[in-house]
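2 protein chains.
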Amino acid sequence: MSRHVTPEEVQRGEAVFGPLTQSLRELIDVAIRSDADADDARRAHALIEEATALLGTRLDPKPFGVPSTGDGRYLPWGNVAMGLRNAIAPPLIIQRDDNDRVATDLVLGAAYEGPPGQVHGGMCALVLDHLLGATAHRAGAPAFTGTLTLRYVAPTPLGRLRAEAWIEREDRGKTFAAGHILDAQGVATVQAEGVFIRPRGNA
Amino acid sequence: MSRHVTPEEVQRGEAVFGPLTQSLRELIDVAIRSDADADDARRAHALIEEATALLGTRLDPKPFGVPSTGDGRYLPWGNVAMGLRNAIAPPLIIQRDDNDRVATDLVLGAAYEGPPGQVHGGMCALVLDHLLGATAHRAGAPAFTGTLTLRYVAPTPLGRLRAEAWIEREDRGKTFAAGHILDAQGVATVQAEGVFIRPRGNA
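Sequences listed follow chains C and U, in order. For the first sequence, this note's numbering assigns the number 19 to the initial residue and increments by one for each residue that follows. For the second sequence, this note's numbering assigns the number 19 to the initial residue and increments by one for each residue that follows.
Keep in mind that the hints were calculated from the coordinates and are not lab data. None of the hints are false.
Partner residues aside, some chain U positions facing chain C, computed with beta carbon under 7 Å:
| hint | residue |
| --- | --- |
| 1 | L42 |
| 2 | A49 |
| 3 | G74 |
| 4 | A99 |
| 5 | R103 |
| 6 | Y130 |
| 7 | M141 |
| 8 | H148 |
| 9 | G164 |
| 10 | L168 |
Only pairs whose alpha carbons sit at most 16 Å apart, straight line, appear in this in silico EDC-like list of lysine to aspartate or glutamate:
| hint | chain 1 | residue 1 | chain 2 | residue 2 |
| --- | --- | --- | --- | --- |
| 11 | C | K80 | U | D53 |
| 12 | C | K192 | C | D118 |
| 13 | U | K80 | C | D53 |
Residues of chain C clear of chain U, computed beta-carbon distances all greater than 10 Å:
| hint | residue |
| --- | --- |
| 14 | G90 |
| 15 | R91 |
| 16 | I111 |
| 17 | D115 |
| 18 | N117 |
| 19 | D118 |
| 20 | R119 |
| 21 | A157 |
| 22 | E182 |
| 23 | W184 |
| 24 | R187 |
| 25 | D189 |
| 26 | F194 |
| 27 | G204 |
| 28 | V205 |
The beta-carbon is built from N, C-alpha and C at its ideal position, and this holds for glycine as well.
The shape of chain C in the complex, shown without the other chains (with noise of 0.2 Å):
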């Protein structure tokens, strides 16, 4: 958690890097569901490894981690679920109602199907693992999963989901939160139930 970032990085993650990684989250798109014939996708996997190329040649060798901007803002950038230069991640925006209460809006298209159709249940229990654990954190101070309960009731069409999350109790720096996924219908997909830990110090 120690790494610093200067202004001049935020400004070009926010500005050039995310708008990058949002158009990396359609290329993998495309990449499931194209049918294009083997010329083109010989010559699109040559602009992928053009692309590789140019942004490899100054690597930082380790993974992003978490910096601080020193000014009291924290950068989750290569978070898997909510990361802006994360391709992976949908990524999560979280919305916080209260102190209490956290929510996502969110579409999960070809690259999250685990079931024809389907949501992965394994994806289900990211974006659950995340958003309780979301209730428990605090800035600069993250919460780690104890343990996750996941109770899958229907199944998970991919496309627009909603998922909630809330704080059932707290005790020395235990937080045990609850939270479902809804479908579009607003009908609970998966449920789930967690206890997450802030590490002594940041309680």
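For chain C, the structure is supplied; the task is to place chain U on it using the hints.
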């Protein structure tokens, strides 16, 4: 599950789209760790859009699903955990030691980060959901997650990992499975138990 693919499509998938997707995984990683200047990043962005346009000229409007080759093989190539054509997937390559036990060796890099230097708890959940589910899987008869319980007993460092799962017992189409993720020293970091269900008619 009704879509069929031709032998030519299978060949093109394995020879062309598989390697393209592997390069795309590298691009996702460098897009997170790159310290390229704004000009190089904008050029890389343009190349990404060009690749997307090429692949998008012929596009299946539907998610990939699990098409059949017509001769007993199924192709979960869009799957977010194991799909040959899904750049989000590490991908998991599942070894079946025997009917009751499965394992996967994998390397999770910067693209799977949660806490600094560690695998996101939700990503561990995705790996374990998929692997425990694989114990219940039969060709053409995928199992759906009923419940999944995860215990995070130690941080999971980014890097080389192994996950293992096995059947505890089976009861009328329900498979009770357990498993864990092991770090490079063989220490369990996340333990899981789950119940997986095969739809009626497939049990």
